[in-house]
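If you read the protein sequences in the order shown, they are chains A and B. Residue numbers for the first sequence, in numbering that gives the first Met the number 0: 0 to 226. Residue numbers for the second sequence, in numbering that gives the first Met the number 0: 0 to 231.
If you're looking for bench data, these hints aren't it; they were derived computationally from the structure. Honestly, I wouldn't trust all of these hints.
Said to hold, decoys possible - Selected chain A positions facing chain B (in silico; Cβ < 7 angstroms):
| id | residue |
| --- | --- |
| 1 | Thr21 |
| 2 | Glu23 |
| 3 | Ala27 |
| 4 | Ala30 |
| 5 | Cys82 |
| 6 | Ala88 |
| 7 | Ala93 |
| 8 | Ser94 |
| 9 | Pro176 |
| 10 | Val225 |
To be verified - With the C-beta cut set under 8 angstroms, the calculated list includes, among others, these residues of chain B facing chain A:
| id | residue |
| --- | --- |
| 11 | Ala49 |
| 12 | Gly50 |
| 13 | Leu51 |
| 14 | Ile75 |
| 15 | His80 |
| 16 | Leu84 |
| 17 | Tyr85 |
| 18 | Asp86 |
| 19 | Leu88 |
| 20 | Phe97 |
| 21 | Leu103 |
| 22 | Arg107 |
| 23 | Arg109 |
Note that CB positions come from ideal geometry on N, CA and C, so glycine has one too.
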Amino acid sequence: MAAFLRQSLIIAAKDLRSELRTKEALNASLAFSMVILVLFSFAFDPSSEQIQEFSGGLLWLVYSFAGALALNRSFAREMQNDCLDALIASPAPASALFVGKALANYGLLLAVELISLPVFGIFYGVHWTQRFWPLLLVMLLATWALTTIGTMFSALTVNLRLRELMLPTLVYPLMVPALMAAMTLTTDLLGGTPLNPENMIWLRVLVAFDFIFTALAVVFVDTVLVG
Amino acid sequence: MNALEIEDVWKYYGDFPALREIKLHVTPGSTVALLGRNGAGKTTLLRIVAGLSKPSQGDVRILGADVRLESSRRRIGVLGHGISLYDELSATENLMLFARLYDLDNPRKRAHAWLERTGLERVRDGLVREFSRGMRQRLAVARAFLHEPELLLFDEPFTALDDRAIAVLQTLLSEAHSRGRTLIMSTHQLREALELATHVALIHRGQIAYAGERRQEMLDDAGWLYRTYGDN
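Go ahead and model the full structure; you've got the sequences and the hints to work with.
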């Protein structure tokens, strides 16, 4: 287990170091989320009460679209110079490769989300700080869901010519339960409603989703990468 | 125990059998030249032996163990068509990454030692994307040898190498051979391959057409093997 974690962290550190040098995924993802937030602010009246009702949905649409851009690069980065072959041939199991890449993607997506959140608050007049810690919990759980599914499908679509198109097409339908949970909880929290027995079911959905899809990805990633 | 045992391996791409009933046993310390025309199945076979692809049927064992076991992967060094190095990392960072994945002692020291052996010590902190083609290839050779593998799998190692990289590679291969390492290399460069090889395997249309010791006829006339066991 220690070796597995060590190998995962080596992969994660490598991915983050590469990303910080090129900033390809970070810049694309961040710029996209800012543009969408600005454009949507023109479409809706930020002062209306209605904004509270779909604030969670809007925010997670932005996060998931921006996330797809970053996740697309995850395994595509390994195709340059056939780096994936050297990683698969190394003693690191495919599952450690997956977890390492997922951790790097997770850090990247969280960074984009945490930068976008105050911008969202400013443009839409949403008080995101009033329930910040429960909101952060929802972001952590839902972002892991997006990361797990996205990283897995990034591996699956890496050899496809239309992978930029295929990744969102495959990821979003599977993400529906997690996105529904994240949107509902975020709307509640941004509206000032705390976590309560009524909306806790959505939190459980997120936890279950994360657990199930992480386990499935870890089990099947070797088949996806090696065949 | 054989260094490599390939038993009745088939590989299909759709309905097309890229490899058919491949059977090959390689003894430790051998240098095998894996020859064949383009599309014969050399790369497919090497990828299966390296654990990068699974056979549709059959079994591959490295020193008696399944190729996908961690212990087997530790014993393999692979040099494929790509250099398998990250452009945005430095030469040292690239080698340290793989040294850590192979859990080698003192990764930095090991990386620097190999950079010196391949003549790259002066650019050890330079990013790979700034390297010339020859420098990248030498670094790729260093990566393949870094963990001192017992079985070396090289797919057309001499293709597009510059003179210096060829010299480095030939030196390292000779050293590896003298230390009892096993080498399997696919190549179109018959002369270089046959000079190094102790054994030859010829793949023709996905099947082993010849597998055995290198013979004098092969050195005297590089085309002899193809004329005798291939189409022409």
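What hint numbers does the structure not satisfy?
Hints 2, 3, 4, 7, 8, 9, 21, 22 and 23 contradicted; others consistent.
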